[in-house]
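Those sequence lines, one after another, are chains A and B. Letter by letter, the first sequence follows residues 1 to 466 in the working numbering. Letter by letter, the second sequence follows residues 1 to 466 in the working numbering.
Everything labelled a hint here was simulated from the structure, so no lab data went into it. Computed from a predicted model, the values in this text were never measured in an experiment. Be aware that a few hints might be false.
Unchecked claim - For lysine-lysine, the following DSBU-like pairs were computed, each having C-alpha atoms within a straight-line distance of at most 35 angstroms: (1) LYS399/B - LYS196/A; (2) LYS277/A - LYS196/B; (3) LYS399/A - LYS277/A; (4) LYS196/A - LYS367/B; (5) LYS367/A - LYS399/A; (6) LYS277/B - LYS196/B; (7) LYS399/B - LYS367/B; (8) LYS196/A - LYS277/A; (9) LYS367/B - LYS277/B.
There are 2 protein chains.
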Amino acid sequence: MQIQVDSTRPQPLVEQIVSAIRGQIDDRILRPGMRLPPIRRLAEHQQVSRFTVVEAYDRLVAQGYLDSRRGSGFYVASRNLPEPEQEDPERVERAIDAAWLMRALGSEGEGRITAASGSLPASWMEEDAVMRNLRQLTRSAESRVTSYGTPQGFAPLRDQLQLRLAEVGIRTQPSQIVLTYGATQALDLVARYFLKAGDAVLVDDPGYWNVFASFRLQGLRLLGVPRNEDGPDLAALEDFLAHEQPRLFFTQSLLHNPTSSCISPAIAFRLLQLAEKHDFMIVDDDIYGDMLPGGGTRLAALDQLQRVIHVGSYSKTISGNLRVGFLAARPDLARALTDVKITTTLSSPELAERMVHLMLTEGHYHKYIDRLQTRLQRATERTCRMLERIGLRADFEPKGGQFVWMQVPGVADTTAMARHAVEEGIILAPGSVFRSNAQPSGYLRFNVATSEHPRLERFISEQLSR
Amino acid sequence: MQIQVDSTRPQPLVEQIVSAIRGQIDDRILRPGMRLPPIRRLAEHQQVSRFTVVEAYDRLVAQGYLDSRRGSGFYVASRNLPEPEQEDPERVERAIDAAWLMRALGSEGEGRITAASGSLPASWMEEDAVMRNLRQLTRSAESRVTSYGTPQGFAPLRDQLQLRLAEVGIRTQPSQIVLTYGATQALDLVARYFLKAGDAVLVDDPGYWNVFASFRLQGLRLLGVPRNEDGPDLAALEDFLAHEQPRLFFTQSLLHNPTSSCISPAIAFRLLQLAEKHDFMIVDDDIYGDMLPGGGTRLAALDQLQRVIHVGSYSKTISGNLRVGFLAARPDLARALTDVKITTTLSSPELAERMVHLMLTEGHYHKYIDRLQTRLQRATERTCRMLERIGLRADFEPKGGQFVWMQVPGVADTTAMARHAVEEGIILAPGSVFRSNAQPSGYLRFNVATSEHPRLERFISEQLSR
Chain A
1 MQIQVDSTRP QPLVEQIVSA IRGQIDDRIL RPGMRLPPIR RLAEHQQVSR FTVVEAYDRL
61 VAQGYLDSRR GSGFYVASRN LPEPEQEDPE RVERAIDAAW LMRALGSEGE GRITAASGSL
121 PASWMEEDAV MRNLRQLTRS AESRVTSYGT PQGFAPLRDQ LQLRLAEVGI RTQPSQIVLT
181 YGATQALDLV ARYFLKAGDA VLVDDPGYWN VFASFRLQGL RLLGVPRNED GPDLAALEDF
241 LAHEQPRLFF TQSLLHNPTS SCISPAIAFR LLQLAEKHDF MIVDDDIYGD MLPGGGTRLA
301 ALDQLQRVIH VGSYSKTISG NLRVGFLAAR PDLARALTDV KITTTLSSPE LAERMVHLML
361 TEGHYHKYID RLQTRLQRAT ERTCRMLERI GLRADFEPKG GQFVWMQVPG VADTTAMARH
421 AVEEGIILAP GSVFRSNAQP SGYLRFNVAT SEHPRLERFI SEQLSR
Chain B
1 MQIQVDSTRP QPLVEQIVSA IRGQIDDRIL RPGMRLPPIR RLAEHQQVSR FTVVEAYDRL
61 VAQGYLDSRR GSGFYVASRN LPEPEQEDPE RVERAIDAAW LMRALGSEGE GRITAASGSL
121 PASWMEEDAV MRNLRQLTRS AESRVTSYGT PQGFAPLRDQ LQLRLAEVGI RTQPSQIVLT
181 YGATQALDLV ARYFLKAGDA VLVDDPGYWN VFASFRLQGL RLLGVPRNED GPDLAALEDF
241 LAHEQPRLFF TQSLLHNPTS SCISPAIAFR LLQLAEKHDF MIVDDDIYGD MLPGGGTRLA
301 ALDQLQRVIH VGSYSKTISG NLRVGFLAAR PDLARALTDV KITTTLSSPE LAERMVHLML
361 TEGHYHKYID RLQTRLQRAT ERTCRMLERI GLRADFEPKG GQFVWMQVPG VADTTAMARH
421 AVEEGIILAP GSVFRSNAQP SGYLRFNVAT SEHPRLERFI SEQLSR
């Protein structure tokens, strides 16, 4: 066997041996069933320690390249794996819906423009601080990570969230806070606890597509409350309430997705009055609130969690990867929702929760958020100008946040445009994805951090002039 | 303000200042509204850099101890938080059910004996390897963690799982594997996809309590199939199938929880025949299989995922905290279940998945599992002898795994015993928790890694002699 290790190269010796042998197996120089040199011989020949060879062989076994036969040595494995399947043609033909969008954004592609993205690029976030804190965690004797986390979530992070919520006027106990796998799980827990198949549920229209998909999965009937610049359209809401008795209204008070509109204090107050009168709860999905300069009106700050379940997340500002969100609710509800969490995902990922706790307590979060707010405001302004230049129209200009919601004049449904865009390497978010019952929409949602590209500008111009 | 920092102490200067000031605020030496010394003055006075003081003040702001007023300096915050609530008396009175058990195990307690634990103590696991790999990840430029993971899960881990499954005779594509938040989420996704409220579902009886709770939440009717030493009781199963048309059977082929029994090849074959004849799918929750010496019969290894959805997890052997599990299913099902995953939790925690991937590929996992199997076998034997000595009886002796399921002679329901045990600092798992409809049970489940305590032996002896 011809391999060459070199102790002066930066790559560790073990890895050099592993990749050399793997290369020969991949190239079929070493073939299934062939015996590898005994450990001692290879070690002598390469002038490395036997330990190094043992380690390399072990890894190759773990990776499926070698078989170890007790007492007899190591052999090239017959990698009896099925051939990769062909790309499913059905998949390509599938509708341009939310699941499609999610997949399109999840897949890789050189030079793609992801105007449809729901989150900020890594370069906008505190990647270095996250990695630094992660390193700190791995050096701390406290962060033992083999055992299960607690059902309700890492207590010091819940203490910290109590403080954060107090800052925006929401008074809670840590025992009223339940940590979740992102806001997505929080919304799901609430829906599962309160609702059963066939029930009606109020949602923003347009609104967050994933909530719609989740509710449809649960067999709920979605009542889409139109969204205005100053919050939900209460006249339309009252129309629903005249005929239906929904138990929940899922809404976003601040920087609503996709419009980036914020509820006004007056609408917030009347909405809470309606909730009282018609006996429904409001779930306020406050995942973008930190991005709003100068604060805004949160429903829970008015009613102190009596009829409001407040949901938050650090997926948008710290890390979507860690999956740390939370809900704050009345004590009885917090306890019941913890039980639902246990039955569906057992416990919390404590390591991720420790990470977020460190990020929030080390003192830089506020400054980062200040910078982020300014950066987003400027990008919002530039993106609006760019899109207006080529003929798109915003119903109003957002005060901040990561989205702008633009109407495409003369286009009743932007779905076809999104389909064409994919062929040009541009992922657009068509408005119908955000409609509560996938109705056609002449709008597009743009992420202001990922949309400033001449190629995108050109593409839309061309579409409009056809 | 009297504080004293000392650069020769190991604690960083920033932390010394933070804890000194925090202490004075907690002791109400510094009171709400009092102004802190200006940064420059404190820095000069303590002979530290201004940067150090800024950092310390920032942390104290983040932790809610100080307020920063622009242009005016730092003030002790009026920590206007609600008083902690009294322990809810209702909570103490609640039934000894699965949720109670989960909470009891989740709470801390000096010197407690957690015979009811569902997992192995950290000392039985590869804590150091997990921490080492975590450190390695934080040094790698690849592990960028601010962005979302992929919907289906970290691709290299799915590749690795393809290999692992091939080793036990299950042939899959990585595209058929969906990573989940532990096996718990995998089971939940499957139930939500296939079943709706009112549907009947087959489960092991006794079986995994969390599955029962989750199904009840979904409004399903649980049909408990009695569990024998060699697998499900097929005569009882056929009785159900004569009257009902369940679409799913949730079972554990290997090291079934709580009995640690394993299905025989003959029962496995006949079970698959029944599934074919009566058109139901089998969900095989294979989370303990790695603990079984010499392997065993997995349903998916027989039918190659035609009627079987295979579920696994590394929560039991690597880390319950990382929450990495998976399911393997027919390609069409894998795709549909990925969509359900997206709607309920959005995406995967890639950092955790990278960790498990490292653990599996670095080459030590097999050896660790070999050692663990031996250790568990010995502990099983010792625990059985200890419990038999004081009069408990096993229907059969497990071949491995972490549980023994023992009958308490003369006791029709072990719930009262578990309630008494808590007062003695012993957490016992009463059999009724594992019954499909919480029927009384004269059994107890013991974790062999946490039950060898003279105090536990004495407690049960005393209970039996009363």
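Going through the hints against the structure:
1. LYS399/B - LYS196/A: Outside the cut-off at roughly 43 angstroms; violated.
2. LYS277/A - LYS196/B: Measuring from Cα to Cα gives roughly 32 angstroms; hence the hint holds.
3. LYS399/A - LYS277/A: holds (32 angstroms)
4. LYS196/A - LYS367/B: violated (48 angstroms)
5. LYS367/A - LYS399/A: It holds: about 19 angstroms lies between the C-alpha atoms, which stays within 35 angstroms.
6. LYS277/B - LYS196/B: Answer holds: LYS277/B to LYS196/B is near 22 angstroms, not above 35 angstroms.
7. LYS399/B - LYS367/B: Holds, because 19 angstroms separates the two Cα atoms, which is no more than 35 angstroms.
8. LYS196/A - LYS277/A: holds (22 angstroms)
9. LYS367/B - LYS277/B: Distance ~41 angstroms between LYS367/B and LYS277/B Cα, so the pair is violated.
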